[in-house]
Amino acid sequence: MTVHAFDPDAEFVVPPLYKLKLTAAQRCMLDWIERNGGLFAAITVPVEDVAEDVELAESTVYEALARLTALGLLVRDKAGEYRINARYVLSSNPALRQLFAAAMVDPLITPDTRAEAPRKVSNADARRRRTIRPV
Amino acid sequence: MPARKRRLVLVDEETGEVVDPKPRVPHDFEGKGYTLQSVGAETPLYKLKLSGAEWDTLDYLRENGGANAYIRLTPEDLATEISANESTCKKALSRLTRLGILLKPSPRAAAYQLTPLRYWEGAGSTQVTATKRLAPPRIAPDDKAKARTAAKKTAPPEPTPLRRAAGEKSR
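Top line first, the protein sequences correspond to chains A and B. Here the first sequence is numbered in the working numbering, starting from 26 and rising by one per residue. Here the second sequence is numbered in the working numbering, starting from 9 and rising by one per residue.
Please note that a few of the clues may not be correct.
Quick look at which bits of chain A chain B covers, simulated, 3 or more residues with Cβ under 8 Å [as the list claims (entries may be wrong)]: (1) 39 to 45; (2) 53 to 63.
Partial list, computed: chain B residues near chain A (C-beta under 10 Å) [claimed, not checked]: (3) 22; (4) 23; (5) 64.
These are calculated hints, taken from the structure and not from any lab test. Quick caveat, the model's predicted, so the values are computed rather than measured. We treat Cβ as the ideally placed atom computed from N, Cα and C, and that holds for glycine.
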C-alpha cells in the first residue's frame, strides 16, 4: 500500500468561485448563509424567509441550494441544516490558505525540559518570599 | 477623610432631566471565531442585487490580493478570467465602484481595491490604519438595489442600521 505524503499545494487547491459560473441568486444564497453563521455551524435555512429577505422566488432559492450542495460548496446534514464547506474559506482567503498549508508541514511544537520545570522566579521575588513582613 | 466618589450622569440639555444610558449592544462576533469580512457593519451584499459578473469580480479581487492593496485590473483581463464580455466587466467594475465596494486610487486609474470597511486581509490594526488613510465611503445601495420586485412593492424596505466600522470616523 502506497502512502502519499501530504502536499498542501495539492490538498488545499480549491477552484476559485469566479470559475464556477455561479448565478447571482446562488451567490446571494451563499452570502446569506455566511452572514447568518453558516460558516461556523450548520444552520437552518427557512426558504420562505430567505426568499423574502433576498427578494428571490422560493423556487430559485431551492434551485440555488441544490446547485451549491451539488458543487460541494454547501454541506447538508441529516437534520436538513446547511453548513458552508470549510474549504470555501481557504478559497476566498489566500493568506489563510498559505497559513494552513504551512501549519500542516511545520514541525510539532514540543515542550522541552525547561518548560516542564517549575517557573523560575526573579531574585527579588525569591527574597520577598523568604521575608516575613511584620503586620 | 475618604476620597469623594464622583458620580457621572447623562443629563438632557433641554429639560435638565437625568437620562438613563442606553444598554450596551452585544458585538456580532460573539466569540464564534475569526472572520476576514466585517460582517454586520454594512448593508448585506445580497441586498444590493449584484449581477453574477459583479459577484465574480469581487471574488477575483479577493483572491488576487485586492483585499489589502490596489491591484491593476482592466476589463479585458477581467473578462478573460471570469469568462464574461468586456463590456459586462466594465459595467461591473463601474457599478461596484459607484456602490463603494471598490476603491480606485484616482478616477482614471485602472487599479482597484476592495473597501477595507468590508474586506481586509491582514492584522486588524492595519485595517484600522487603512480605513483612516483611505476614508472610504459607506456602501450605499443605488437605484437598482433599491428597486423592489412587483410583488414586494407594497411593503416598505426595512432600513439597515448604520454603525461605525473599525477606524472609521463619524460622519
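If you take the shortest Cβ to Cβ gap from residue 22 of chain B to chain A, is it below 10 Å? violated, 39 Å
Chain B covers the stretch 39 to 45 of chain A, three or more CB atoms within 8 Å, holds or violated: holds (count 4)
Hint residue 23 of chain B vs chain A: min CB-CB distance below 10 Å? Residue 23 of chain B check fails; min Cβ-Cβ to chain A is 40 Å, beyond 10 Å.
Does the interface hint hold: is residue 64 of chain B within less than 10 Å of chain A, judged Cβ to Cβ? holds, 4 Å
Check whether three or more residues of the stretch 53 to 63 of chain A sit with their beta carbon closer than 8 Å to a beta carbon of chain B. holds (count 7)
When the structure is compared with the earlier hints, violations turn up for hints 3, 4 and for no others.
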